[in-house]
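Protein chains: 2
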Amino acid sequence: MKKHNFNPGPSILPQYTIDGTAAAIKDFMGTGLSILEVSHRGKEFDAVMNDAVALVKEVLGVPEGYAVLFVGGGASTQFFHVPYNLLEKKAAYLKTGEWATKAAKEAELFGEVVIVASSEDKNFSYVPKGYVIPTDVDYFHITTNNTIYGTEIMTDLDSPVTLVADMSSDIFSRPVDVAKYGLIYAGAQKNLGPAGVTLVIVREDLLGKMTRKMPKMVDYRTHIKSNSMFNTPPVVNVYACMLTLQWLKNNGGLVAMDKVNAAKSELLYAEIDRNKCFVGTAAKEDRSRMNVCFVMAEGYKELEAEFISFASSKGLVGIKGHRSVGGFRASLYNALPLESVQALVDAMREFEASH
Amino acid sequence: MKKHNFNPGPSILPQYTIDGTAAAIKDFMGTGLSILEVSHRGKEFDAVMNDAVALVKEVLGVPEGYAVLFVGGGASTQFFHVPYNLLEKKAAYLKTGEWATKAAKEAELFGEVVIVASSEDKNFSYVPKGYVIPTDVDYFHITTNNTIYGTEIMTDLDSPVTLVADMSSDIFSRPVDVAKYGLIYAGAQKNLGPAGVTLVIVREDLLGKMTRKMPKMVDYRTHIKSNSMFNTPPVVNVYACMLTLQWLKNNGGLVAMDKVNAAKSELLYAEIDRNKCFVGTAAKEDRSRMNVCFVMAEGYKELEAEFISFASSKGLVGIKGHRSVGGFRASLYNALPLESVQALVDAMREFEASH
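First to last, the sequence lines map onto chains A and B. Residue numbers for the first sequence follow UniProt numbering, beginning at 1 and rising by one. Residue numbers for the second sequence follow UniProt numbering, beginning at 1 and rising by one.
Derived by calculation from the structure, the hints in this document are not laboratory data. Do not rely on the hints blindly, as some may be mistaken.
Because identical chains cannot be distinguished in the list, a pair is counted as satisfied if it fits within a single copy or across any two copies.
25 Å max Cα-Cα, derived PhoX-like pairs, lysine-lysine [to be verified]:
(1) Lys225 <-> Lys105
(2) Lys102 <-> Lys122
(3) Lys209 <-> Lys105
(4) Lys213 <-> Lys89
(5) Lys276 <-> Lys314
(6) Lys314 <-> Lys26
Whenever a hint applies, use it, and build me the whole structure from the sequences.
This is the structure we're talking about:
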């Protein structure tokens with residue numbers, strides 16, 4: 001049976017990425033060797049790294065003056081690398097969910113942290129508005145999409161100070177005005193590639209101003225100087241990212257993704273709002289297009305396990321909600337086709353009809 | 001033409017690991033999904049992580065009281081994680097090569113560093129002996145195998161203080177008495193798996209004694225508590241490691257590896273010592289079994305490029321030496337068969353005969 005992969009991350013990737021990676025594991029670019037056993041210093045992998053960086057710049061429209069890095073570890077590693085590099089005295093954080101909270105917590109080790117606003121009062125079901133970004137801070141940190149709670153900041157904010165964004169779960173899902181950000185980071189495992197590599201985009205003039213001494217691997221300048229090959233990079237992971245970036249480019253880029261992601265999320269939210277059995281958990285104006293969170297409506301609460309099991313029988317995988325929200329979460333990343341969303345909507349209708 | 005892969009790292013892996021990883025990228029354990037797109041929280045990957053940890057313990061004979069971790073980043077990341085966790089006041093380092101030097105440099109950010117001995121005077125071509133390990137340090141750090149210079153510490157040292165070892169390039173090549181070490185770390189990309197994940201084995205009672213506050217991802221206790229899944233681990237990389245560990249176990253474990261690695265390195269060193277065209281660069285008593293470094297002998301110096309090209313025509317890949325040593329380096333990791341070493345030896349003989 002065809003599986004519809006709604007996993008929150010690691011999550012669905014284009015078949016192009018999967019097939020290409022499997023092929024390179026058998027034979028990497030005609031070398032007669034597997035990509036798992038070739039030197040990262042060889043000309044073949046050098047070209048892969050260069051292509052991956054160039055494609056990020058092209059697809060995302062990265063302006064001059066920014067460096068694009070592929071580094072090991074995950075976004076959780078960036079939670080402390082960011083303040084290590086940029087927090088001299090004080091930083092401001094927007095507390096919109098679990099990851100934003102963790103990021104702010106790490107920053108406290110390096111300086112004063114101001115939480116400018118929080119949506120914790122309502123279990124992070126909305127994005128705070130009307131707050132004022134302080135001007136006496138080194139940077140303002142946001143998490144553009146909240147994978148767990150299903151809210152998303154869809155606009156590129158105007159910030160009077162350096163704007164830093166964790167875009168792990170919605171990067172490449174729509175066009176972004178990179179010039180508005182000082183630093184963007186994203187764990188690969190949603191719209192980019194397999195887990196184990198993180199994309200960092202940083203405006204170079206922000207670096208090297210810190211009085212703090214940094215470990216080599218923490219200092220972004222180390223990776224800039226060496227084109228992300230100061231040490232052995234996660235070779236196969238970067239290769240898979242490069243393939244996804246090719247796929248993005250060949251499929252209309254971010255303008256096309258934006259359109260499809262709008263259509264997919266509208267289809268599912270419309271059904272949630274129409275269907276008597278289900279109700280959405282996030283404030284309507286802040287609903288994420290990447291992670292759609294919903295629960296059983298009043299009167300149907302006891303049917304949660306039954307719906308999970310029914311959905312599973314239809315090949316719908318990974319829709320169990322995070323324990324912090326409960327219910328269901330359908331993640332609609334770039335590679336998920338509209339037909340998978342339709343399959344979920346059909347299952348919700350069938351379930352409603354039988355109850 | 002069959003390729004003989006002498007790459008220094010990333011390097012040759014068992015065909016079992018390559019085939020198994022390619023298969024899992026097509027379909028992971030019958031889930032109908034690629035391992036690139038499954039949740040690390042699913043029961044299938046949970047079993048992979050548990051198996052990988054259990055196999056490390058079994059194959060290496062890890063005693064009670066030690067934790068086995070698979071973490072993101074590389075050994076270069078551990079260069080600063082080790083002192084972050086263990087260096088309160090002072091640490092001692094043995095300076096036997098480039099990686100040892102880099103590790104010591106990172107430790108200087110966290111406390112006083114004593115270099116107990118160095119072989120830098122002779123371009124790291126030997127391992128210092130007769131030094132005294134200070135007793136007033138938090139730990140003594142060694143690099144058991146020097147990938148670049150081709151020397152190796154083949155015995156498990158008796159240390160009066162906690163012994164920390166970077167075993168990136170010779171772990172799993174022979175039995176090791178883990179009880180003699182407080183902490184062992186190893187980037188995967190030699191004898192374990194693809195680049196992008198690092199193995200850490202740490203005696204748990206060493207942790208939690210530091211007054212320094214640590215970022216979550218740096219603190220080894222974070223990863224111990226969460227079975228290496230505090231954040232999304234490098235899923236496919238860990239899977240490939242697990243396959244190599246299965247292969248190790250099914251092929252006689254470290255006693256068998258020890259025997260084959262001895263035979264392979266003896267075959268090649270014997271030829272280097274016999275052949276008029278070549279000469280070894282490392283002190284004989286310190287010769288590495290993993291990385292065999294040699295150069296053209298006096299009178300044949302100008303033939304270096306010619307031999308590289310001749311070797312290449314025979315399918316011998318990755319034998320160019322590191323720029324710090326020049327000449328040639330043949331890396332004979334576990335997965336390299338004896339027949340590949342024989343092919344190199346044959347090429348050296350043929351080259352000698354024609355000059």
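Results for each hint:
no. : hint              : result
1   : Lys225 <-> Lys105 : between (29 Å within a copy, 19 Å between copies)
2   : Lys102 <-> Lys122 : within (18 Å within a copy, 48 Å between copies)
3   : Lys209 <-> Lys105 : both (23 Å within a copy, 21 Å between copies)
4   : Lys213 <-> Lys89  : both (15 Å within a copy, 17 Å between copies)
5   : Lys276 <-> Lys314 : within (20 Å within a copy, 71 Å between copies)
6   : Lys314 <-> Lys26  : between (33 Å within a copy, 21 Å between copies)
In summary, this structure violates none of the numbered hints.
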